[in-house]
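Sequence lines, in order, name chains A and B.
Sequential numbering of the first sequence, starting at 1, is according to the working numbering.
Sequential numbering of the second sequence, starting at 1, is according to the working numbering.
Hint data in this document are derived by calculation from the structure and do not stem from the laboratory.
You may find that some hints are simply not true.
[Stated by the list, open to error] Over the 10 Å line for every Cβ pair with chain A, so calculated as not near, a few chain B residues: (1) E26; (2) E48; (3) R49; (4) C97; (5) E127; (6) Y135; (7) A144; (8) E145; (9) K158; (10) I171; (11) Y172.
[Stated by the list, open to error] Each computed EDC-like pair below joins lysine to aspartate or glutamate, with the alpha-carbon atoms no more than 20 Å apart: (12) B:K189 x B:D60; (13) B:K189 x A:D48; (14) B:K173 x A:D35; (15) A:K46 x B:D60; (16) B:K132 x B:E153; (17) B:K132 x B:E145; (18) B:K189 x B:D11; (19) B:K84 x A:D172; (20) A:K162 x B:E133; (21) B:K115 x A:D301; (22) A:K233 x A:D301; (23) A:K233 x A:E137.
Glycine is no exception: its CB is placed at the ideal position from the N, C-alpha and C atoms.
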Amino acid sequence: MAGLFANARFIVAALALALIVGVAAPAGAQQRNSDNSVNPTASAVKEDQLLNALKSGPGGGDSISGRVSIPDQKSGNLIQPAGQAWRAFHEGALHWLAAIAILGMLAVLVVFYLMRGMVKLENGRSGRSIVRFNAFERGVHWMTAGCFIVLAITGLNISFGKSLLLPLFGADAFAAWSQWGKYAHNYLSFPFTLGVVLMLLMWVANNIPNGVDIAWIKRGGGIVGNDHPPAYKFNAGQKVIYWIVVLGGGCVATTGYFLMFPFYGTDIAGMQLAQVIHATVAVLFIAAMIAHIYIGSIGMDGFSRSRPAAA
Amino acid sequence: MARMKFLCDADRCIECNACVTACKNEHEVPWGINRRRVVTINDGKPGERSVSMACMHCTDAPCAAVCPVNCFYTTADAVVLHSKDLCIGCGYCFYACPFGAPQYPKVGNFGSRGKMDKCTFCAGGPEADHSKEEYEKYGSNRLAEGKLPLCAEMCSTKSLLAGDGDIIAQIYKERVVRRGYGSGAWGWKTAYKESIAT
Ligand code: HEM
Ligand code: SF4
Ligand code: SF4
């Protein structure tokens, strides 16, 4: 019994001590101004400190954010400096990348055409034509191709229009054209995506790389030199184009829909990233398609007769 | 000409949201759009601070730099405005803006983005001052009446300051000296590449 009392006394004493320390501690920790008045901002969040935390890397997050009492919860982002890097990409790197990829490809093709000319059929026409692609396949190809050209032009208008076309059109006409361009870019994305999915399904079996492709590449594919190496339905060059279309198309479609439907599954950082990927893949895609168009037209004999003569 | 700026003294802001309400009412801002909002950092913890934020009317404005139709312009008072007739609602200004200021009504195709809306520093838009068109698109034009933005004018604690940058910086500096503390001129470094020493 006495032991219990002793214990209780000890506990009371300990609690009293804790109380004194507990009360005294924050007072002691509080910073004081020079005139000894209390500084209520000693523990206050400071912008500088928060901005520095952002700089220190991913752990700091990508924005200074807090709570808002309005329904729009994403407006809780107070300062998000990442926009500066995105601006630098969009107004700088992207222009260079696009100019080098697209103009570079055109230059390479012009030089190649001047050196090689149109690749001719060695022994002329056989007089017979075979159906390589049925009407449905051709329809899908041209639907996708048509959408692609409009998407490419209206997309490049977003990147370069204000530098190239705005001075020619004037503000009002350029804005009207860009508005229609945006509608076209948005609506034609659906048939384009459908076309890419159908191409994936129709031709994937014929586009798996195999040993024949390696031999084909070793022999220059007939475009470099005058060889005519064998291939199945699609040669290695065509397979490369196929995978650029399927993978590149899948990539621009995915990122494009993130941009078209803001805040569905993304936040601002996600949309900035989606835009960077969309624009980068798009300009490389355009450069690749220019090469595809070249080979399919003036680069290779037979373009004008590629359709079955009597069908 | 003055160089107009906003300054929110977070040590005074009591998160009453009157600036938010005043803005919505003054400009008949549509449902779902907030040109101004109050963000509370460290909510409920010691050191919590609230900051009222809207478009800061940046120097070398990022929104204007990225706009694909160049629809932004800066007034003689350094207020960053835009033309809703030219805007195509692409969302790029929102990606570039450090303060999340641009807002979009959900009236575009598939309910995505309509024409961008943001704080005008109560300075209207490109239409004739006080015209019906200007009011419908951008809200009232208090600057043209010789008045400052309503949010700051009616702020009960005078936490939110709007006006010539040098003058509001001076007011803030004096406050900081008198009371001995200040958590900084929020957003100034990002928007104006300068800060007020505290
Ligand atoms: C397939 C679905 C696609 C979707 C959903 C899509 C969506 C978008 C969106 C929402 C934008 C932002 C500008 C705006 O609102 O108009 C954009 C920009 C752009 N798109 Fe697409 N797009 C698609 C396909 C393509 C394709 C196939 C190309 C290229 C051939 C392309 C090239 C571009 C370019 C170059 C930009 C501008 C990049 C910039 O300067 O920021 N897009 N796209
Ligand atoms: S705060 Fe945003 S919208 Fe306002 S001027 Fe700066 S970048 Fe543009
Ligand atoms: S949403 Fe409008 S104002 Fe903003 S960048 Fe696009 S076109 Fe310009």
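How the hints compare with the structure:
1. At roughly 17 Å, the least C-beta separation between B:E26 and chain A is larger than 10 Å, which holds for a residue marked as non-interface.
2. Not every CB of chain A lies more than 10 Å from the CB of B:E48, the least distance being 7 Å, so the non-interface label is violated.
3. A Cβ of chain A approaches the Cβ of B:R49 within 10 Å, the least distance being about 5 Å, so the stated non-interface status is violated.
4. With a minimum CB-CB distance of about 6 Å to chain A, B:C97 fails to clear the 10 Å threshold, and the non-interface call is violated.
5. The non-interface label for B:E127 is consistent with chain A: the shortest C-beta to C-beta separation is roughly 14 Å, beyond 10 Å.
6. Non-interface call for B:Y135 relative to chain A: holds, since the shortest CB-CB distance, roughly 21 Å, exceeds 10 Å.
7. Every beta carbon of chain A lies more than 10 Å from that of B:A144, the smallest distance being close to 23 Å; the non-interface claim holds.
8. Remark: the non-interface label on B:E145 is consistent with the geometry, its nearest Cβ contact in chain A lying 28 Å away (cut-off 10 Å).
9. Every C-beta of chain A lies more than 10 Å from that of B:K158, the closest at about 18 Å, which supports listing it as non-interface.
10. Distance check for B:I171 against chain A: the nearest CB is about 18 Å away, which clears 10 Å, and the non-interface claim stands.
11. At roughly 13 Å, the least C-beta separation between B:Y172 and chain A is larger than 10 Å, which holds for a residue marked as non-interface.
12. Proximity of B:K189 to B:D60 is assessed by CA-CA distance (about 13 Å); at most 20 Å being required, the pair is judged to hold.
13. For the hint linking B:K189 to A:D48, the alpha-carbon distance of about 9 Å falls within 20 Å, and the restraint holds.
14. This hinted pair checks out: B:K173 and A:D35 have alpha carbons roughly 18 Å apart, not beyond 20 Å.
15. For the proposed pair A:K46 and B:D60, the alpha carbon gap of about 25 Å is over 20 Å, so the pair is violated.
16. Taken as a hint, the B:K132 and B:E153 pair is broken in the structure, with Cα atoms around 24 Å apart against an allowance of 20 Å.
17. With a CA separation close to 15 Å, the supplied pair B:K132 and B:E145 stays within the 20 Å bound.
18. Simply put, B:K189 and B:D11 have alpha-carbon atoms about 18 Å apart, close enough for the 20 Å limit, and the pair holds.
19. Distance restraint check for B:K84 and A:D172: the Cα-Cα separation of roughly 11 Å lies within the 20 Å cut-off, and the hinted pair is therefore satisfied.
20. Distance hint between A:K162 and B:E133 is unfulfilled; the C-alpha atoms sit about 26 Å from each other, more than 20 Å.
21. Straight-line distance between C-alpha atoms of B:K115 and A:D301 comes to about 49 Å, which puts the hinted pair past the 20 Å bound.
22. As the CA atoms of A:K233 and A:D301 are separated by approximately 18 Å, the hinted pair is consistent with the 20 Å bound.
23. Distance hint between A:K233 and A:E137 is fulfilled; the C-alpha atoms sit about 14 Å from each other, no more than 20 Å.
The structure does not agree with the numbered hints 2, 3, 4, 15, 16, 20, 21 stated previously, though it agrees with the rest.
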